[in-house]
Amino acid sequence: MSDINTATAAFRHVSVLVTGATGKVGRHLVRALVTAGARVAILTRSTEKARTLWPAANVDYRTGDIGDPVSLDAALLGIEVVFHLASYAPTTTEANIYAAPAHWTVSAEGTRNLVDAALARGVRRLVYLSSVKVMGDTAGAGSQPADETWPPAPDSLYGHAKLEAERRVLAAGRESGLHVCVLRLPMVYGL
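If you want the working numbering, it's the position in the sequence shown, counting the first as 1, plus 566.
No wet-lab data here; the hints were simulated from the structure.
Relax, there's no trap hidden among the hints.
So the derived label-pair ranges between C-beta atoms look like this:
| # | residue 1 | residue 2 | range |
| --- | --- | --- | --- |
| 1 | Leu643 | Lys590 | 25 to 35 Å |
| 2 | Leu749 | His579 | 23 to 33 Å |
| 3 | Thr658 | Arg611 | 17 to 27 Å |
| 4 | Thr715 | Arg740 | 13 to 23 Å |
| 5 | Thr618 | Gln710 | 45 to 55 Å |
| 6 | Ala576 | Asp682 | 20 to 30 Å |
| 7 | Gln710 | Leu751 | 14 to 24 Å |
| 8 | Ala719 | Lys590 | 20 to 30 Å |
| 9 | Leu749 | Thr704 | 16 to 26 Å |
| 10 | Glu646 | Pro752 | 27 to 37 Å |
| 11 | Ser709 | Asn624 | 44 to 54 Å |
| 12 | Pro621 | Ala686 | 30 to 40 Å |
| 13 | Ala661 | Leu751 | 22 to 32 Å |
| 14 | Ala686 | Arg611 | 17 to 27 Å |
No more than 20 Å apart at the CA atoms, straight line, and that leaves these computed lysine to aspartate or glutamate pairs for DMTMM-like:
| # | residue 1 | residue 2 |
| --- | --- | --- |
| 15 | Lys590 | Glu614 |
| 16 | Lys590 | Asp626 |
| 17 | Lys615 | Asp631 |
| 18 | Lys590 | Asp631 |
| 19 | Lys615 | Asp626 |
Backbone N, C-alpha and C define an ideal beta-carbon position, used for all residues, glycine too.
Start from the sequences, fold in the hints, and give me the full structure.
Shown next, in the form of structure tokens:
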């Protein structure tokens with residue numbers, strides 16, 4: 567059996583919640599999870615918008631917001647795995663897209679809320695999609711490439727918020743037994 571078939575089979579009948587599901591990466595992840603046979607739920611502030619993305623798919627639309635801890639309790643009911651992709655998406659009119667205060671609210675505080683609710687609900691696994699911006703713009707810029715040993719040095723509010731979120735996720739894994747994974751993605755999409 568190929569690695570793809572093995573990975574696909576691993577999600578069959580698993581209850582999964584995706585935050586940031588209506589974003590560019592989230593849309594593809596939801597589609598892949600549905601194809602793999604997972605029981606997919608998405609956390610959304612607008613079920614109307616979300617329903618247009620997967621009209622024929624068997625997706626459970628759960629209304630909530632990572633900024634509202636109370637809404638997360640019901641959203642995580644029966645969930646085994648969380649893929650946390652939610653992030654603040656600045657507009658092109660903002661002077662410095664990496665300095666928007668909402669980055670801290672969504673990434674740092676929202677992730678804390680989600681992790682706390684996931685622990686309370688007994689979620690088994692949590693995957694957090696972070697950003698290479700945690701490393702700062704100078705990481706790997708010289709003759710020495712950045713690798714796993716390079717210390718984070720964010721130089722924007724966005725990078726600081728993502729690093730704080732990473733730390734909360736990893737601390738939850740160490741302290742509770744929640745199986746966690748943090749992925750620092752390169753700049754795969756954006757403005």
